[in-house]
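For the protein sequence lines, the chains are A, B and C, in the order given. Under this note's numbering, think of the first position of the first sequence as 1, with each following residue one higher. Under this note's numbering, think of the first position of the second sequence as 106, with each following residue one higher. Under this note's numbering, think of the first position of the third sequence as 603, with each following residue one higher.
Just so you know, the hints here were simulated from the structure itself, not pulled from any lab data. Quick reminder that beta carbons are idealized off the backbone N, C-alpha and C, glycines included. You may find that some hints are simply not true.
Claimed, not checked - Some chain C residues near chain B, calculated using beta-carbon distances under 10 Å:
| # | residue |
| --- | --- |
| 1 | V665 |
| 2 | G669 |
| 3 | I741 |
| 4 | E761 |
| 5 | R763 |
| 6 | R767 |
| 7 | T960 |
| 8 | R964 |
| 9 | I965 |
| 10 | L1006 |
What the hints assert, rightly or not - No farther apart than 25 Å at their CA atoms in a straight line, the calculated lysine to any residue pairs in the SDA-like style are these:
| # | chain 1 | residue 1 | chain 2 | residue 2 |
| --- | --- | --- | --- | --- |
| 11 | B | K272 | A | A79 |
| 12 | A | K15 | B | V265 |
| 13 | B | K272 | A | N26 |
| 14 | B | K272 | A | V37 |
| 15 | B | K272 | A | I86 |
| 16 | B | K272 | A | E91 |
| 17 | B | K272 | A | A65 |
| 18 | B | K272 | A | I62 |
| 19 | A | K15 | B | G263 |
| 20 | A | K20 | B | F338 |
| 21 | A | K89 | B | A214 |
| 22 | A | K15 | A | S94 |
| 23 | A | K89 | B | F338 |
| 24 | B | K272 | B | A261 |
| 25 | B | K272 | A | S76 |
| 26 | A | K20 | B | L336 |
| 27 | A | K20 | B | S215 |
| 28 | A | K20 | B | V212 |
| 29 | C | K1041 | C | I887 |
| 30 | B | K272 | A | D98 |
| 31 | C | K1041 | C | S1029 |
| 32 | B | K272 | A | T69 |
| 33 | A | K89 | B | P335 |
| 34 | B | K272 | A | T78 |
| 35 | A | K15 | B | T211 |
| 36 | B | K272 | A | L9 |
| 37 | A | K89 | B | V245 |
| 38 | B | K272 | A | T30 |
| 39 | C | K963 | C | R907 |
| 40 | A | K20 | B | A317 |
One-letter residues, chain by chain:
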Amino acid sequence: MVILFAIGLYVVLTKQNLVKKIIGLNIMETAVFGLIVTSGMVTGGSPPLLGQGLEPPYASPIAHALVLTGIVVALSVTALALVLIIRVKAECGSIELDELLEPDE
Amino acid sequence: MNGLVHLLPLTVLLPITAGALAPALFHRRGTACWIWALAAALLSLAAGIGLWRELYSGATISYPLGGWPPPYGIELVFDGVAALIPVLGALAVLILVASRRYVEATVPASRQSLFYALILINLGGMNGFVAAADLFNLFVWMEVFSISAYALVALARGPVAALAALKYLLVGAVSSLLVLLAVALLHAQTGSLNMGDVAGLLAAAEAPGASALALGCLVVGFLVKAAIFPLHFWLPDAHASAPSPVSALLSGLVVKMGIVGLVRTRMLFAEADVVPLLMPDTLLLWLGVIAILAGAVLAMVQRELKLMLAYSTVANMGYIALGLGLAAPAAVSGALAHTVYHATIKTGLFLTAGAVLLGTGLSRVDDLRGLGQRMPLTSGALVLGLLAATGIPPTAGFVGKWQIAIGALQAGRPWVIGVILAGALLTLGWAIRVINSLFFRPPARARVITAREAPASLLVPALLLALLAVSGGLFGAVLLGLVEPLALEFVGGGHGH
Amino acid sequence: MVIELFDLRPLIAPLLSALCAFGIMLLGSHAGWRIALSLVASVVKFFIVVSMLPGALDGHVYVFSAGEILPGLDFAFRVDALGLFFGLVSSTLWVLTTIYAIAYMRGSHSLRRFFGFFALCVSTTQAIAFAENLLTLFIFYELLTICTYPLVIHSGTLEARRAGRRYLIYTLSGGAAILAGMVLVYQATGSLSFSSPGLLNPGIDERVLLAMFVLLIGGFGVKAALMPLHAWLPTAMVAPTPVSALLHAVAVVKAGSFGLMRVIYNIFGVDLLDTLGYHHVLAVIAALTIIAASLVALRQDVLKRRLAWSTISQLSYIVLAACLLTPLAALAAVIHIANQAFAKITLFFVAGAIEKTTGKKRISELDGIGWAMPWTMAAFTVASLSFMGVPLLAGFITKWYLSLGALAAGAPIYVGVMMASAILNASYWLPILYRAWFKPGASPDAPVKEAENLLLWPTLGCAAYVILLGIGAQAPAMPFALAQSAVAFAFGLEVASP
């Protein structure tokens, strides 16, 4: 998980292409979600669902709730970021950061 | 008492619901949407004030949602930290009042309702964040106000705004992720999410390394949100392109959430004595010192008014970090008081800058020469706000600096006083330049000569805040008295040092 | 026995001028309103301040407190003998300066701003005089800096702006030093009040005491033009004459000296300082300033500049006298507040009158002006003779008490300093007098063109004060007994009944 996180961070920091940065962000987010889910695991535990014939011990439902929320948040952020990238592309014609930061106007 | 507790979730849910409904209800009807937003914010403010009176006559209010008692259920709390809600509400109301003309002039009609909606959602998110009593909600509300902030920055025209918003987004998302990670770690350690619960359970946690990591992630994450140097770099770009009411919101309110986060973090780890708090304290202290000096110097080399104000925010957040890092009762109460005061001062300054921009279309200080004659009230408000920012007594800026100076002596670090004073003098450097330009130079640009005074809806909030900023120092004892219990809680918990 | 009385007058006096300033900002585009407001406010204020005089002579102290503004620190006014003395000097001179300014500034630009900030300066100076504690004093001290700034750069020229910037840098840095000192004092004692003849106690760490002394004295020393912190003053001469008169006789510089006296007498206290011995160093610095500034004054040709350097020299008389830590010297310090103020303002008024009437600014141009403007130059003569220490004039009283005090302190060298200063003063005042009276003017048959009345009467009024203060050491509203009262409090002596 840590490696995944590090990869994601590296991508965000170094890649010039804006879309790639967002991908890096998503990689980081996935790493964190994975960590959360695994932290909620109970050995030999069953999915935390009531009334499905499943016996305790249940895997922690709170971890799952956290991850679900996190996924929703990540989704919104990514969506917003992509919209912004589209706008940048439309108004500047490029999505590479070094091209965008060139002293023009 | 009992009926009033329901006001607490109201302060959170009302703005959010109102904001969510706004674009649907008021498509293309900017003014009506504005009234709707104003009403929602006022109601939220009223609720906050009601809660305030309860707090200061009784004890902390705890509100378990749905009746599920903590630590199982989601709990909202109205304690010393959440007392910030009415302040946020009041400033948000003023920002909304001032933003109407601005929005009419700069935002396309189809997007206006979106603007107001986002401000309301932002307010609701901030209210939720300060009132959250469990880590999960803390994270959720943090994201709510963060994402709405990214969107607000992007709402301005031009590609620069989009890029600035993207930068803010990336930085903010990474920091949010760190917070999420920390929440997960803490949950793994203690099995609970309720902050009061976690604080107690941390001592029994098995892996102090994980707790330390969690502390580190929380601190770094909130440092970014609070724009503490060197994690501040998203702020100037965001300010340069955002519409002035949004800048007011960002610098005045949203960055304060980072501070709230730091305070909550400290309170979380204070009891446990598991992780020595010396590290984050020292970090805050030194980052604060650097921020004060770097922010003031960077402000001095700016040519644009809004950028000067942005770097001034960086410097002032440095003061607050410094105060928190000193961890002496006077320093912390000074830092907390300064949080409130600076919110007032900076909101006022940005609204005034917005008025100037609206009236003249100019934002470089050199271009604004002689504006004092054409727009005397606006320029006057700007001058008053700048004096408050430098911390001349009896303005609001003075109180925090004084208290932190006393706290520096209490903490046995007298050299900090020199830093505080140096920061104040450096701030005067660029503040005097602006004041000179406004009042003591003849006008040079045509748009200044033809400028007329700002419209009332912009002017009144700006003047009101400027007057509050200038006279705030006279109420220093009152505010410090209000903040003191929180300060003592902040300091007294950590017996690690 | 000090009896503290609760009274609104310490609040009203500064507040009145502040309200006047507010009124001028609103209504002042019309000259009539400006003049009326300024005059009425200054006169009414004078009477309010004077009304506190009988009580003060009886040993009453008027107190007004608005409550805490920082934990443990009140926003409060306390009119004791020293404060009332300074307050009287400033309110008396204000009436006179207002009349003068109305005439002098006629036709200038931005008059609303000028008179508005003028009134604010009055207000803040009064508040400084009446402050109960160092925090209240500091608040108004900094506000004074801010309010004098627009006056200094009034003309708007590049030179004015540069002078203004230098002024701000010096005074605000001084303010920062005072703040640092204040924090140290507060932390050590929990208070900043002036109500006792010595707040600090010997139990405090000596390094901290030294730091406090250096910071506070250095901070106040900027405005009090102690060398080497004086450099803002000569360049600030670019301001219009009423402002120079203001800065150099009443408001800014006296606020600095007053602050120094408060630090010496009320924060440190005579006994503590005596034990610590810091006063020796300060006395030497003051003495050096007296001499050095006079030497520079000799070389100035522009009249206002010579007056500026003379001011720097004269202010250090107050500091020197305060440092000698004997009752007689302290008496000299207090009365020199008044003596120097009236005499120096007279000189500035004359300089301004000459400039306004004839356009001349340089001493080398002043040949024969005594015959062209006899009354004006008569006032100048009186005031300059006073500075030379001629008996029967105010300056002599100061020198007399200072010398006595120096002898009592066992430091006869300062008597020598007094004499040297008198000689130097003579060297730079006498040539002016000689030129004015004994050298033929450009056209000996030129008609006598005296300064206009509104410029002349305040000048003569101040000169009259110089004479009165010299003859009986008393003048209307400026009783000697008040100064004695102030000194007695500082030294813990009993006040002799008048």
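Evaluated hints:
1. V665: Violated. Min distance 18 Å.
2. G669: 7 Å, holds
3. I741: 4 Å, holds
4. E761: Where the cut-off is 10 Å and the nearest Cβ of chain B is about 13 Å from E761 (chain C), the hint is violated.
5. R763: With a closest approach of 7 Å, the R763 (chain C) hint holds.
6. R767: Since chain B brings a Cβ to about 7 Å from R767 (chain C), closer than 10 Å, the hint holds.
7. T960: Violated. Min distance 29 Å.
8. R964: At 28 Å from the nearest chain B Cβ, R964 (chain C) fails the 10 Å test, so the hint is violated.
9. I965: 31 Å, violated
10. L1006: It is violated, given that the least Cβ distance between L1006 (chain C) and chain B is near 40 Å, above 10 Å.
11. B:K272 <-> A:A79: Holds - the C-alpha atoms of A79 (chain A) and K272 (chain B) are around 15 Å apart, at most 25 Å.
12. A:K15 <-> B:V265: 20 Å, holds
13. B:K272 <-> A:N26: 15 Å, holds
14. B:K272 <-> A:V37: Roughly 29 Å separates the two Cα atoms, so the pair is violated.
15. B:K272 <-> A:I86: 15 Å, holds
16. B:K272 <-> A:E91: 17 Å, holds
17. B:K272 <-> A:A65: With Cα atoms ~29 Å apart, K272 (chain B) and A65 (chain A) exceed 25 Å; violated.
18. B:K272 <-> A:I62: 32 Å, violated
19. A:K15 <-> B:G263: OK: K15 (chain A) and G263 (chain B) at ~24 Å, within 25 Å.
20. A:K20 <-> B:F338: Between K20 (chain A) and F338 (chain B) the Cα gap is close to 21 Å, so the pair holds against 25 Å.
21. A:K89 <-> B:A214: Roughly 23 Å between the alpha carbons, so the hint for K89 (chain A) and A214 (chain B) holds.
22. A:K15 <-> A:S94: 14 Å, holds
23. A:K89 <-> B:F338: 23 Å, holds
24. B:K272 <-> B:A261: 15 Å, holds
25. B:K272 <-> A:S76: 16 Å, holds
26. A:K20 <-> B:L336: 22 Å, holds
27. A:K20 <-> B:S215: 31 Å, violated
28. A:K20 <-> B:V212: 30 Å, violated
29. C:K1041 <-> C:I887: Violated, at about 38 Å.
30. B:K272 <-> A:D98: Holds. K272 (chain B) to D98 (chain A) sits at ~14 Å (cutoff 25 Å).
31. C:K1041 <-> C:S1029: 17 Å, holds
32. B:K272 <-> A:T69: Given pair K272 (chain B), T69 (chain A) holds - Cα atoms ~23 Å apart, limit 25 Å.
33. A:K89 <-> B:P335: 29 Å, violated
34. B:K272 <-> A:T78: Holds, at about 13 Å.
35. A:K15 <-> B:T211: 34 Å, violated
36. B:K272 <-> A:L9: 14 Å, holds
37. A:K89 <-> B:V245: 31 Å, violated
38. B:K272 <-> A:T30: Within the cut-off at roughly 20 Å; holds.
39. C:K963 <-> C:R907: With Cα atoms ~10 Å apart, K963 (chain C) and R907 (chain C) stay inside 25 Å; holds.
40. A:K20 <-> B:A317: 32 Å, violated
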